[in-house]
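S.K.: What follows is each chain in one-letter form.
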Amino acid sequence: MTRREEFDALALETRQPPARLAGSVRRAVRRARLRRFVMKPLAAAACLAASFAALINISLPFALAAHDVPVVRELVEMLAMSPGLREALDHDFVQYLGYTAEDNGIKFTLEYIIADQTNLTVFYRLEGAEIDPEEKRINDGPRIDFDLTDETGELLEYMAVWNNPDEKGGRLRQLSANFMDRIPDEMRLVLYVRMHTDAAGAAAGDEAAPMEAVAGEFDLMFDWEEPEFITLAEAAFPIRVDARLSAAVRTIEIGQTFEVFGQKLMIDRAELYPTLTRVYWHENPANDLYILNASLYLEGAEKEPLLTHADSGLSGYGAAGDESRCAVLQSAYFDEDEPLYLCLDRVSTIPKTQINAVYDPDSGFTNLPEGVTASAERDGERLLLKFDLSDAYDIYSAFGGQAFREDGSEYGTVGYGTITGENRWEYLAVDDYDGGRVTIRVQNTPSRTLSEPIRLRIQ
Amino acid sequence: MRDKEFIERAEAMRERLYRTAYPYLQSESQAVDAVDEAVFRAYKNRRTLREDAYFETWLTRILINVCLAELRRRKVEIVTDELPEQTHEDYDGLPLKEALRRLPEPLRAVIALRYFTGLTLAETAAALEIPQGTVVTRQRRALALLRLELTEDAL
Numbered sequence: 407m408t409r410r411e412e413f414d415a416l417a418l419e420t421r422q423p424p425a426r427l428a429g430s431v432r433r434a435v436r437r438a439r440l441r442r443f444v445m446k447p448l449a450a451a452a453c454l455a456a457s458f459a460a461l462i463n464i465s466l467p468f469a470l471a472a473h474d475v476p477v478v479r480e481l482v483e484m485l486a487m488s489p490g491l492r493e494a495l496d497h498d499f500v501q502y503l504g505y506t507a508e509d510n511g512i513k514f515t516l517e518y519i520i521a522d523q524t525n526l527t528v529f530y531r532l533e534g535a536e537i538d539p540e541e542k543r544i545n546d547g548p549r550i551d552f553d554l555t556d557e558t559g560e561l562l563e564y565m566a567v568w569n570n571p572d573e574k575g576g577r578l579r580q581l582s583a584n585f586m587d588r589i590p591d592e593m594r595l596v597l598y599v600r601m602h603t604d605a606a607g608a609a610a611g612d613e614a615a616p617m618e619a620v621a622g623e624f625d626l627m628f629d630w631e632e633p634e635f636i637t638l639a640e641a642a643f644p645i646r647v648d649a650r651l652s653a654a655v656r657t658i659e660i661g662q663t664f665e666v667f668g669q670k671l672m673i674d675r676a677e678l679y680p681t682l683t684r685v686y687w688h689e690n691p692a693n694d695l696y697i698l699n700a701s702l703y704l705e706g707a708e709k710e711p712l713l714t715h716a717d718s719g720l721s722g723y724g725a726a727g728d729e730s731r732c733a734v735l736q737s738a739y740f741d742e743d744e745p746l747y748l749c750l751d752r753v754s755t756i757p758k759t760q761i762n763a764v765y766d767p768d769s770g771f772t773n774l775p776e777g778v779t780a781s782a783e784r785d786g787e788r789l790l791l792k793f794d795l796s797d798a799y800d801i802y803s804a805f806g807g808q809a810f811r812e813d814g815s816e817y818g819t820v821g822y823g824t825i826t827g828e829n830r831w832e833y834l835a836v837d838d839y840d841g842g843r844v845t846i847r848v849q850n851t852p853s854r855t856l857s858e859p860i861r862l863r864i865q
Numbered sequence: 139m140r141d142k143e144f145i146e147r148a149e150a151m152r153e154r155l156y157r158t159a160y161p162y163l164q165s166e167s168q169a170v171d172a173v174d175e176a177v178f179r180a181y182k183n184r185r186t187l188r189e190d191a192y193f194e195t196w197l198t199r200i201l202i203n204v205c206l207a208e209l210r211r212r213k214v215e216i217v218t219d220e221l222p223e224q225t226h227e228d229y230d231g232l233p234l235k236e237a238l239r240r241l242p243e244p245l246r247a248v249i250a251l252r253y254f255t256g257l258t259l260a261e262t263a264a265a266l267e268i269p270q271g272t273v274v275t276r277q278r279r280a281l282a283l284l285r286l287e288l289t290e291d292a293l
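These protein sequence lines map, in sequence, to chains A and P.
Each number in my numbering comes from the position in the first sequence (counting from 1) with 406 added on.
Each number in my numbering comes from the position in the second sequence (counting from 1) with 138 added on.
Misleading hints may appear alongside valid ones.
[Claimed, not checked] Examples of chain A residues lying across from chain P (beta carbon under 8 Å, computed):
1) LEU418
2) THR420
3) ARG426
4) VAL435
[Unchecked claim] What follows is a set of in silico ranges between Cβ atoms, one per label pair, in the way DEER data are often shown:
5) P:THR272 <-> A:ILE636: 41 to 51 Å
6) P:GLN168 <-> A:GLU783: 31 to 41 Å
7) P:GLN168 <-> A:GLU787: 35 to 45 Å
8) P:VAL274 <-> A:GLN422: 21 to 31 Å
9) P:ASN183 <-> A:ASP813: 53 to 63 Å
10) P:ASN183 <-> A:ARG588: 49 to 59 Å
11) A:ASP587 <-> P:ALA207: 53 to 63 Å
12) P:GLU149 <-> A:GLY504: 27 to 37 Å
13) A:GLU783 <-> P:ASN183: 46 to 56 Å
14) P:ALA207 <-> A:ILE636: 50 to 60 Å
Think of the hints as simulated: they come from the structure by calculation, not from any bench.
The beta-carbon is built from N, C-alpha and C at its ideal position, and this holds for glycine as well.
Could you put together the complete structure from these sequences and hints?
M.R.: Encoded structure:
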């Protein structure tokens, strides 16, 4: 082969690029977009833990005296629609923290906590977490998650009940955690800014985000798969709840019975905390019906204001048939000298024999609650259940996602429901379906309103 | 430069970039890796490009730097392995690929851009940030070392 022939052969090689070259630009762009966020998160978190170990919490009055009042005004405005938390703020049940941390270009600022024995509300800011509008698609994120752990990193038991990740720029954001048991005096909050990986490839020609399917049709819903999220930045903060705040509770023993539609509902006691009230109750085991939901609320002497569910958005703990259940309501802690009434105006019930609907692959559905029709479809490893809800349903879910195998073990499920406009349905995807009978627990039926609310003075 | 435009123009250059990287690295997979890396670096720094008209030469320049960095890394590896150093190069006695690889970098760059990437004299000069006369000189010298007769129709 002459040199010239060698050259021609070599030139030809370069004109026949490998197939992998086709994705080169998209790969590189995706990598660049992700890389902006994912550098050195672990190192940053470690530094933070060390940096803040020596910090102590500062009281709000001190912060008010020493720091910028506009920040406090923002907090007051934010709580305008949260009477319980606002009341706690007015009574200085707030700790100013003022911790800051930066990771991967995103600045975290932990401003305040409002805490009592059962509930923690955290107010924080994020700066630099917005995705370039040119690159942003629907549901691209970022998504804000958090963990609360003990000092060893063990995850604590709580309900993460509220989060407003959509605030823009450095505006104040809020998250809450409601603890079944007493809140620990010391804990560690880890905040995560996350983005799902498909978002990064959007402008590089990828298909539309799969999350869009959630708002779409039945088939699309079940085509949807949980997008994979990556952590863009994280920051860890120590939280030490002021002993003065975590000690505050007033307990009112009640021991009264409400009778509704022939069923007895026993009210045991109320625990009043600075940010919420817990009312403990149980059903009389001799009842014919299970009480699925009871609409309990608190009233003052003038029937105003109506103190319904807590600001956390949590309505309560427990399920039909449990020995003890708990309604979580607005706080009445600071109204010690005022009359206080516990009221009930609505319940939803179901005959005890109908608490479980059953799907049998051979014979179909049995024991469905009144007003519900259903269909099923096998999709590979999943069983897809569709329930149509009658007009009587005032809540988007009859079942709530609990499904069991014949041996009593629970399936993993994904559910979605709506009662908007003409759409009145609930979908439930049962994962790893074994082909046998499926028992589906009923959680809601249309509520029935009492002709006259029950009103019991408890204080 | 907006993202969409960046991606469209980079996509349009993809094969040309590969043809630039290949003579340097002489490996399909490493040439693609170099293209990936160059686009990655360009995307990160796209806002520093003041004149969109220079996008192609700017991206080519980045790619050459990536290739050179890779070659430097390889050289370090070779030194580490204590291979005997060539004191005299008989380019004519080597296969063309190897002869190209052993050309001094400034000469290899000109050959790669002129005869594999297909750039004009002016474009090559812009990509290498040298005068066109220097390109001509280096081109002549490189071809002489390779004992290879190439004209414009070889592009």
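S.K.: Against each hint, give a clear statement of whether it holds in the structure.
M.R.: Taking the hints in turn, this is what the structure says about them:
This hint is violated: A:LEU418 has a C-beta 11 Å from the nearest C-beta of chain P, more than the 8 Å allowed. The beta carbon of A:THR420 is positioned within 8 Å of a beta carbon in chain P (closest approach about 4 Å), and the interface hint is therefore held. The criterion of a C-beta within 8 Å of any C-beta in chain P is met by A:ARG426, whose closest approach is roughly 5 Å, and the hint holds. Taking 8 Å as the C-beta contact cut-off toward chain P, the hint placing A:VAL435 at the interface holds, the least distance being around 5 Å.
The supplied range of 41 to 51 Å is met by P:THR272 and A:ILE636, whose beta-carbon atoms lie about 47 Å from each other. Our hint of 31 to 41 Å for P:GLN168 and A:GLU783 is violated, since their Cβ atoms are close to 49 Å apart. For P:GLN168 and A:GLU787, the hinted distance range of 35 to 45 Å is satisfied, since their beta carbons lie about 41 Å from each other. The hint said 21 to 31 Å for the Cβ distance between P:VAL274 and A:GLN422, and at roughly 30 Å that hint holds.
Checked against the given bound of 53 to 63 Å, the beta carbons of P:ASN183 and A:ASP813, roughly 60 Å apart, stay inside it. For the pair P:ASN183 and A:ARG588, the beta carbons lie near 53 Å from each other, so the given range of 49 to 59 Å is met. Checked against the hint of 53 to 63 Å, the C-beta distance between A:ASP587 and P:ALA207 comes to roughly 58 Å, which is consistent with it. Range check, P:GLU149 to A:GLY504: Cβ separation about 48 Å, and the 27 to 37 Å hint is violated.
One distance hint, 46 to 56 Å for the beta-carbon pair A:GLU783 and P:ASN183, holds here, with the actual separation near 51 Å. Roughly 27 Å separates the CB atoms of P:ALA207 and A:ILE636, a value that falls outside the hinted 50 to 60 Å.
Checked against the numbered hints above, the structure breaks hints 1, 6, 12, 14 and satisfies the rest.
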